[in-house]
Amino acid sequence: MKLPMLAAGLLALVLGSAAQAEEKPVLTVYTYDSFASKWGPGPEVKTAFEKTCGCTLKFVTAGDGAALLSRIRLEGKRTKADVVIGLDTSLTAAAHKTGLFAAHASLPKLDMPVKWTDPTFVPFDWGWFAFVYDKTKVKNVPHSFEELAKSNLKVVIEDPRSSTPGLGLLLWVKKVYGDKAGAMWKSLAHNIVTVTPGWDQAYGMFLKGEADMVLSYTTSPAYHINVEHDDSKGAALFDKGNYMEVEVAGKIAGTKHPKLANAFMHFITTEAFQKLIPTTNWMYPVIKLSTPLPKGFDEYRPKISLLYPSAEVPKIKDKALAEWRDALSQ
Amino acid sequence: MARRAQPVGRYAGGATALGLVALTLGTLGAVAWRAGSAGGLTGGLGPADWAALRFTLLQAGLSAALSVALAVPVARALARRWFFGRRALIALMGAPFILPVIVAVLGLLAVFGRGGILNAGLAALGLAPLSIYGLHGVILGNVFFNLPLAVRLILQGWLSIPAERFRLAAALGFAPAEIARQIERPMLREIVPGAALAIFLICLTSFAIALTLGGGPRATTIELAIYQAFRFDFDLGHAATLAALQFAISGAAMLLALRLTLPQASAAGLDRPVERWDAASPWLRAQDAVLTTLAALFLLTPLALIVTQGLPTLLTLPGIVWTSALNSLVVALASAGLATAAALALALAITGPRPALYEAAGMLPLATSPLVLGTGLFLILNPVVDPSRLALAVTALSNAAVALPFGLRALVPALREVEASHGRLADALGMQGLARLRLLILPRLRRPLGFSMGLAAALSMGDLGVVTLFAPPEGGTLPLQLYRLMGAYRMNDAAGAALLLLILSFALFWIFDRGGRADAEA
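So the sequences go chain by chain: D and R. Residues in the first sequence are numbered consecutively from 778, following the numbering used here. Residues in the second sequence are numbered consecutively from 452, following the numbering used here.
Chain D extracted, bound-state conformation:
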């Protein structure tokens, strides 16, 4: 009984997409899973773009940004992607090295704390990493890694080997402390309850009360304020700055639909796309919107934004990882 069902399902899929293919050209956009999920910007991006492009937009997903890049590398020149959206600045150097991506066209005026000079990748959102805490429990919010290390606050962090925020924290500590990063990790060791494989476990554990703080984003409190009407979460801003994540998109040079791909790359930095970002991806838009940002976005803006030029990331991340591992393995 189940085999015919499965076969029928597969057949319907094949026939369905064949029928679509005859009508309109299909623009294939690779992205990470949560971008295309029901709760991400994907569905509305698709609707908005299809209104004007005379095409069908098809998302193909990989687990997260790093998995997305792995997938592109596995496929190489044979990739079916026309556009890739969802890499970030810790990955763009490696992505650039594949030689698969084409230069972008001129960009509109961007609204970001850093100057954007990358000739290949177009930013589509950005944010700062931060330790998020429960205001009712944490009274003395630390303003630096030193203060955190001196406190008895317990934090959950993510593993840089398997998670994007984890890698962000690794680069953050390295950026601030340079050669002394290993020593800083040693003094933070007693604060770290545990290291999780991904953001979801860490955040889930924080909400269950396993830790006082969790490594997340400055915009995390905004989710709780706007969706759950819960003002109890805050994000710690550090005096020496918070590390940034900039998420980017790139056009595949060998695309069979260069016009559509260009149109989509242009669409990314327009208001129609950008206005979806704050309440789906919970990140900052890259242009100034005509409407104000949701509550909570202006409350937690660090004064100093830290970010390695993406070309430097591959050179330092192995050493930074070794320091992290040695310091926390004792």
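All clues stand as given, with none of them false.
Each computed SDA-like pair below joins lysine to any residue, with the alpha-carbon atoms no more than 20 Å apart: (1) Lys-1072/D to Arg-941/R; (2) Lys-1094/D to Phe-683/R; (3) Lys-1017/D to Gly-959/D; (4) Lys-854/D to Val-835/R; (5) Lys-1033/D to Pro-834/R; (6) Lys-835/D to Pro-1035/D; (7) Lys-854/D to Arg-485/R; (8) Lys-952/D to Ile-1081/D; (9) Lys-985/D to Ser-582/R; (10) Lys-1072/D to Leu-1014/D; (11) Lys-1092/D to Asp-686/R.
Here are the simulated distance ranges between beta carbons: (12) Val-1004/D to Ala-571/R: 24 to 30 Å; (13) Ala-699/R to Ser-1106/D: 20 to 26 Å; (14) Val-781/R to Lys-801/D: 26 to 32 Å; (15) Ser-1106/D to Trp-533/R: 46 to 52 Å; (16) Trp-533/R to Asp-1008/D: 53 to 59 Å; (17) Asp-1007/D to Gly-480/R: 50 to 56 Å; (18) Ala-1099/D to Trp-533/R: 57 to 63 Å; (19) Gly-770/R to Asp-1007/D: 23 to 29 Å; (20) Glu-1048/D to His-587/R: 51 to 57 Å; (21) Lys-854/D to Gln-883/R: 54 to 60 Å; (22) Arg-805/R to Glu-800/D: 56 to 62 Å; (23) Ala-880/D to Ala-502/R: 42 to 48 Å; (24) Lys-916/D to Leu-745/R: 36 to 42 Å; (25) Val-1004/D to Arg-636/R: 58 to 64 Å.
In case anyone wonders, no lab produced these hints; they're calculated from the structure. Even for Gly, the Cβ is constructed at its ideal location relative to N, Cα and C.
Based on these hints, arrange chain R on the given structure of chain D.
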């Protein structure tokens, strides 16, 4: 035991074994081949890899030993006691094994974590809090996961001992110690090494429990090192080397387990209900009651908390969660059918000549890194067909492969028993091939077959498996949807989805397994 040639079993078993080799070693080969063509195999293992290897062996070895050591008395207690709700308890105690890792970890933390009920209780008594994080936490997590499997496999062993032997033992006036030596220990020598091996291999290829409960990078397993090679370094050669190392360790563990296994020389039984005259002493009764209660508390409290946390959002889950649940059900049923048919074919081959080869093939999926399997399949399929079109079919196939070894562990001892008890009579009647399968084997394997179907379906329900590499964004499976909810901050809905997953997995397991059919009277 049985040396009779069974063509049906041999051909199907051979095909299954080949398929498993292709799916496991073949996918590893694809990754290694791709690494070779993309700039050479950078084979060497660094100090961090050796540290990961040491930790992996330590946690997997301790977890397997402890799970089995605890499972023996618990299974014995369940095997020789009849009480109200015993069937339900046996089935419920199997539930942790079929939970997705992330759900199980959050359930465990609700009990043993910093904010868990255990520490709340200690604080109320004015005692210092206990920390779950560290090697002991990893072992606790692994035992929570695998004790149910060990209990079930060993319990099957106990229930497959013919009632006549206990009857005879009683007639001869055997004390419990003599029963243990003459009847129970030979059964354990047949079952325990395989159960311990299965648990060792599960712990060998896992990383989420070790990392989360281990408290930091010192709890790095080889599987996490493979993960790092893939996504942090994109060093496929290194990933392939590490995966090969995993296979080598698994091979060594299998050889050891095979050496320790003693197939028992069994006599025939008439399938009468088991009666245990030996276990009537009040002391033994109390001992069994305490053991059963403790095991049930340990396994069921985290489950109860998952239920209470998920209830508020269960009925208001968004529609897409229900659609993906339907996808998962279809995949689970397909994968259960596939896994059980393959396990039966392999089990028939194992009771024939040259069993070691088939045994090894049947264990291969457990030694496989899920990430390498998924990537290898992707590399093989991608040039031929759009992988997202095959997402559900590939998921069903790989889930079936992953579940097969467990079904095999339940089927092989039962099949040996059948052949030992009835094989000669069947031979004398000239009952061969399909007739033997239909008239003799299948009816007597109902219990392990049901167990195998139920377990495979439930495991498939909860497994994220390779679907992330193949999934189209809309469909997806229930575990994938659960991760999507968590990734979108929707932890309350995720708790509801976790409960839905638990209910569906458990219902599948229950329906096929029918409460374990543990009551010999039934």
